Amino acid sequence: MEDHSCGSIEHIRRRTLLKMAGLSGLSWLTPLGTALARHSEHNPSKRPLSLIVLWLEGAPSQLETFDPHPDTEIAAGSKAIKSRAPGILLGEGLVQTAEQMDSISLVRALTSREGDHERAIYNIKTGFRMDPTLKHPSIGSIICHQLHTDRDRTVDIPRHISILPGQMPGRGGYLGDQFDAFKVNDPVNPISDINAWVDDSEQKSRLKDLSFLDKHFLERNKNNKAVAGSLGTHQQQAALKMMSSEQLEAFNVKDVSESERLAYGDSPFGRSCLAALRLIEKGVRCVEVTLGGWDTHANNHELQAGRINVLDPAFANLIKELKKRDLLETTMVVCGGEFGRTPHVNPLGGRDHWPHGFSMAMAGGGVQGGRVIGETSPIVSKTETKPKSLLKDSHPVKDIHATILSQMGIDYEQELDTPIGRPLAVCEGSPITSLLDV
Amino acid sequence: MNSNRLNLVAKNVLFLLVCVGSGGVLSIFLTSPTALTAPKSWKPKSNRAASVTEVVGSIDSAFDDQWSDAGLEVANVADDWLVARRLSLGLTGTIPSVQELKTLEQQPSDQRISWWVSRLLDDKRTHDYMAERLARAWVGVEGGPFLLYRRRRFIAWLSDQIESNRRYDYLVKQLLTDEGIWTDSPAVNFYTRNIIPDSGEEDKPDPILLTGRTVRAFVGMRIDCLQCHDDFLDNIYVGDPDGPRNGEQTDFHSLAAFFGGTRASFFGIKDISNENASWKYQLLHDDEETEIEPAVPWSPELRPEGMPLRKQLAHWVTHPENRPFSRAIVNRMWAIMAGRPMMEPVDNIPLDGPFPEAMEILVDDFIEHEFDLRRLIRLIANSKAYRLESVADHEITAEHERGLAVFPMSRLRPEQMAGAISQAASLRPIDESAHIFVQLRKFGEVTQFVQRYGDPGENEFEQSGETVTQKLLMFNGEMVNTRIGDESFSSAHIAGLSPDTETAIETVYLAALSRRPTEEEVGYFLQRFEEHGQRERGVMQLYWSLINSLEFGWNH
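Those sequence lines, one after another, are chains G and E.
Counting along the first sequence from 1, when you hit position 127 you're at 127 in our numbering, and nothing is skipped either side.
If you count the second sequence from 1, you need to add 1000 to reach our numbering.
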């Protein structure tokens, strides 16, 4: 049957997709792959290899975090502190982050057209607005889909991980579920579903029976070339390999010294940032760590301060440790939420949703530290109908995606075919070059 | 005879009685023909003699011709238990219980599938599951605007409509035209789902979202590209179905204009008058917005006049002569039941075809029989193409699958997987007749499992690869292990009450794979049970292996 969908070219069918997934899955399990990888772990181009997203779900207030306007009406009493980077002010709670600002830059005039949490989260994680006709892949899924080097073959654990997953952890979208983020909770607890419920000998016995059953099923389906590539058991092998992998140790932050652990703050988010660092060291491509609780429609200042107390040591120490381990150059760190909060405080002392100029902090992976891109106005009328006109050097959300992808050496303008053959650009934004120029 | 010997004899007699009695209990429990009541809609004569059989004959002939013309070898017809498993997965989202399979076996061989379809059509699980599957295409799976959108209420309403076998055209007409509050008039959730929160236009369900959704869901076409530009890739045809033209941007927005007068408020969804309704849009090469008049992209003669705009649209969409409307649901129903549609993708059927002849026969019958979904399900279930094996002695290619010369294999969907695990560990069906605790436990487990396993959302027929997360969940997840573990009634029940190990093995196979084991499988597992020593342990091990097997995880 001919495909009449938009932009139809040769139909990429599920078989092709699954075969590709199957081949890639098998290849990284081979000893040859591991051997080759050992010889190519260096990164001569010094491109970023990994991405850490500190996902502040619920939408932090830019005025209390990365874009304070002290002593103005919209500050509503919020104060600011100086940072290590000349001229850059931060919200008063970000004391430790301020010390790392020579490595961090701020994009302060981000805009989107989504003021609803669900739609905005989708927008920020994928770079696209929700579309009922297809699901776009998240940034981590695109990176894992696009980057397959020898280094990836040494990784026994999933290359896309979401720690403390929130409302919408990274999905593979039209690239396929195999690119979904692997979800784990507070790393102080064991990873879900990783340990067998029976002892080793019983597990071996179960697997022996499973092998007997699957062998017969595969034999029975040997003539079915239509599903040959997708029937295989490579994910089973991958799961078994993961279950016994020493790399799982990266999740185990309990054995890290107390002083090292507490430097990130005594919180699930802090521990997760520590785990993210350890996972990056093992070769994981993208780790997303969620810190929720930023949706402060009432009592904004107090609630934001509470969240900032958790964010500050974790974010600052992550940057510090990446630098110390010479990993900041090869790891991009992005920190922000789905939109900002209103310049005006409502009668409940809260700030509401504000997609018309909010902030994102970026560091590492070629992002030059100590810079501020864009500017929001300290004077915003409640009845302002075109708030975007009050911004200087604003950027749409998709420019963040283009910046990350281009830095990682991914052709962000290329078109990928969705399963129904619809060609779709990986990203529709442009890199924010002023963040990167040396 | 001394007292010790007397005791020994008494014990032996007692043991024999227990064995015989237990075997009898298990046998009665599993095989009693009266265990399941006959389906209310089961009318063997009418099903055999009436036009269902004749129409199925026409469908089968059409497929025979299609396969012959394409030079495709055809797979053999599958056994009834395998077809029953497919039907259960497609209609209820789970697999048949051992009790149901045993009862099915006792029906006359030429009536088994018809009997089984009748049973499933009477089953509340079918109404709920079909409602969920259709709702995915109509309102998606996301949460939607807080308070204004009640997805559960919408599903419950839809389930009631399916249970009462409401005419499909009436159902869609109500969906497109209803007014009122989202709780009292659940159909309006179709509109409130498309309100964009915090957009400044919360009083208007978005006409663009509604247009894309309506055309895909109810006439099976993707015209979303026309929102922004004319079709320049020869992919979207509209106009005269016999001589179509390329779609234009105005085709999309002329449809959107039918929603230009729809408003949302605390009093619910309501229309303003046609005169005051308007839809303005800045077309691609224009400098400013222009007012766009409502118009339909084909068969304008089917659009009535003198009624509110949404009613005009609903009449046009559901008109018996608007064949894309019937084609869309025929294709979707086939996809829901078989895992793959007759024409891919499920919601992009070209206006001008070509269409498989069998699809056109189903469309004709659907229109002639007052848009009867139950009859459509019966026709599909009884067709030869639906009942073919998924394996064959000859090589099966993608062409065989596309041409339906073989049953297309598909991975179980997350809720099917969870439903199947739950059912596999129970000998009786977990349906409305099950204890409320059992039903609640299943609901909780399935919800948790699907959340972890990953829900594909509304693009449900786009197959994607299995993930490591899914495999780990199956290997080591709580649901599988508690279902087959010590808490499980079935492992102990089967181990304790089976008169011999072979019966225990057969029962577990029936429960998990809906088939009996082969001789080789019996031989292998008899030896394994011996190695395990305890029969219950053997049953648990076998359950785990079967539930994790490839055969369990595929609809085949």
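Simulated from the structure, these hints should not be mistaken for laboratory data.
Some hints here could point you the wrong way.
Said to hold, decoys possible - Estimated spans, in silico, between C-beta atoms of each pair:
no., chain 1, residue 1, chain 2, residue 2, range
1, G, 241, E, 1320, 53 to 61 Å
2, E, 1267, G, 254, 37 to 45 Å
3, G, 414, E, 1455, 25 to 33 Å
Claimed, not checked - Quick partial rundown of chain E residues pointing at chain G, CB under 10 Å, derived from the structure:
no., residue
4, 1303
5, 1390
6, 1391
7, 1545
8, 1546
Because the structure is a prediction, the values reported are computed rather than measured.
The beta carbon of each residue, even a glycine, is placed where N, CA and C say it ideally should be.
Practice item. Taking the numbered hints from earlier one at a time, note which ones the structure violates and give those numbers from smallest to largest. Key: 2 and 4
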